[in-house]
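Here are the chains, one letter per residue:
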Amino acid sequence: MNRIENHPILGETPSRNKVTFTYNGQVMEGYEGEPISVALKANGVMAHRYTAKKHEPRGIFCAIGRCTDCVMIVNDKPNVRTCITPLEAGMKVQTQYGVSAEKQD
Amino acid sequence: MKIERYDMIVVGAGPAGLSAAIEAAKRGIKPIVFDENQRPGGQLFKQIHKFFGSKEHKAKIRGFKIGEELLAEAEQYGVKVVLNATVIGLYPEKEVTVRIGDEVKHYKGDAVLVATGAAENMVNFKGWTLPGVIGAGAAQTMMNLHHIKPGNRVLMLGSGNVGLVVSFQLLQSGCEVVALADAAPRVGGYGVHAAKVSRCGVPFYLSHTIVEAEGTDHVTGVVIGQVGPDWKVIPGTEKHFDVDTICLAVGLSPMSQLLKQAGCKMADTKGGYVPVCDEDGATSVPGVYAAGDVSGIEEASSAMIEGRMSGATIAEYLGYITKEEKESRVNELEAQLDTLRQGMFAPKNRGKLVEKTEEGIDVSMNLLEKGYVAQDEIERYPGVTKSKGIHPVIECTQNIPCNPCQDACKMGCIMIGKNITSLPAVDSNHKCIGCGMCVASCSGQAIFLVEEDVEPGYGEVTMPYEFLPLPEVGDKGMAYGRDGREVCAAEVTKVRTSKAFDHTNLLTIKVPNEMLMTARFYKAK
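From first to last, the protein sequence lines are chains A and B. Residue numbering for the first sequence is 1 to 105, as defined by the working numbering. Residue numbering for the second sequence is 1 to 525, as defined by the working numbering.
Incorrect hints may have been included.
A partial selection of chain A residues facing chain B, derived with a Cβ cut-off under 10 angstroms [stated by the list, open to error]:
hint, residue
1, 6
2, 13
3, 42
4, 46
5, 48
6, 51
7, 57
8, 83
Residues of chain A clear of chain B, computed beta-carbon distances all greater than 12 angstroms [unchecked claim]:
hint, residue
9, 23
10, 25
11, 89
Simulated from the structure, these hints should not be mistaken for lab results. C-beta: ideal position from N, C-alpha, C; glycine also.
Can you build the whole structure from these sequences, using the hints too?
What follows is the structure in structure tokens.
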């Protein structure tokens with residue numbers, strides 16, 4: 001598990017609401033309000049999208065909404081920056097291929 | 001089209017922007033601050049280490065606490081902060097366009113302060129786009145804001161203060177830092193930051209850069225290699241590490257696009273593309289100001305002072321205070337800023353090798369090349385003294401503007417004097433009572449208490465300790481040297497925590513007398 005429960009300086013992580021969301025159809029758990037990317041990371045997801053031309057994987061890089069490497073399709077909307085978009089219960093999160101939810105050749 | 005008017009518009013609710021807005025609000029201005037993030041405070045809330053400087057710079061207070069204080073002050077003076085609001089344009093006549101939700105709104109200010117900060121630099125190598133290659137700022141955001149480990153095994157590239165501080169924070173979060181590499185031949189950040197990472201066992205590879213990030217869908221390893229004088233990797237020097245994360249701390253660049261768009265005179269400097277401005281932040285366009293990292297990379301402490309200077313200057317520009325009132329405030333702030341810009345790491349010394357301290361003592365080359373002061377170098381510094389009874393050993397070996405240790409000692413054992421960058425010296429005429437306040441107050445975690453002959457043949461070393469789990473009295477483990485190597489067996493004899501120590505625990509271990517000047521860290525078996 002890569003969640004930090006207790007930190008020497010920040011203390012115990014405050015308790016938050018657990019919610020479920022789907023990642024490519026698979027049900028996953030995360031905390032309400034945390035960035036989608038953090039919930040994915042806690043579930044071991046590293047690759048968020050594949051580039052349009054070379055189909056290379058991309059994941060979290062800057063974590064502050066600047067680089068757009070972490071964009072995914074969220075609730076059917078592409079190019080959502082998952083590092084700064086808060087997780088909500090029932091969200092539909094999909095890997096983005098180019099700008100599509102379908103794998104391309 | 002509707003345009004809302006404000007006396008003062010601030011772009012960026014980080015340390016510079018908020019400080020400017022507070023300073024202006026104190027003079028009766030009602031500024032509006034826009035920030036693209038969900039929370040104000042900029043990067044301050046990710047800074048969990050104690051800041052350097054003196055009392056007036058909020059030294060020995062942790063960054064996120066300074067952030068909380070700043071927000072409280074902003075609220076007290078009625079500063080209006082609009083979040084999730086991205087400023088997308090700054091036009092002539094100081095018109096500002098802001099994207100809020102799916103709408104673009106127009107504003108106009110009589111004065112506009114741009115305090116947009118900086119963005120992290122990248123570096124290219126084979127595999128650099130793989131998931132698992134992240135910015136050091138991203139690591140801080142994940143672990144200190146969102147309570148998640150950026151990775152389990154991490155390689156850090158970059159030995160500036162960001163690389164050093166984040167490496168330590170990774171260790172505090174329970175990550176393993178397998179190595180710290182930098183293409184430069186010498187550590188770029190504060191020696192004390194390097195030393196606290198080194199003694200935890202992180203090896204430093206100076207003159208090394210990343211050859212390749214390995215993996216197909218995400219990082220599974222990294223290869224680093226030694227660089228020659230031409231900055232190219234010398235064949236045969238490659239070293240492999242199994243890692244899941246590669247963290248890049250290779251500098252910051254000012255985010256000055258809005259200022260360029262506004263028509264401000266810009267300069268391409270070594271520190272990035274910055275507006276040409278006066279000390280008080282005035283750019284070449286009347287009424288447009290810049291403060292903080294956007295006008296040249298420094299740190300949060302200086303950004304806050306620069307912000308306040310701009311705030312006072314804008315108050316005068318808008319007619320809220322007289323020229324005399326402005327000047328007296330700016331002079332006071334300038335003196336504070338000047339203090340922060342002294343010492344070995346002063347902007348004027350950037351890129352230079354400083355070989356002697358202000359006191360004329362040789363700088364530790366081992367510290368610069370390996371990340372720790374060698375055993376045969378440590379005793380040349382005035383804070384490192386030997387005596388029978390309990391006394392502080394201050395391993396502060398570079399002139400940096402910082403003096404909380406002097407104030408922390410109520411007994412007068414520690415002397416820095418008027419010059420804030422002087423190395424602290426131990427005055428053996430004053431009796432140390434072993435209270436440990438100096439150990440906890442040192443932002444560089446460079447102070448230890450040493451006592452010989454606590455029992456026959458054995459003495460005690462007290463060290464700052466900011467990790468979990470906290471060892472308990474009676475625990476047996478190993479003591480480690482400054483280089484992070486095991487030196488001897490050690491037993492925990494005292495563990496002190498106190499509100500006054502602010503999460504820096506004081507760990508006392510018992511080691512043989514001859515190890516008192518060597519043992520500087522403890523790990524349980």
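Tell me the numbers of any earlier hints that the structure contravenes, in ascending order. The structure breaks none of the hints.
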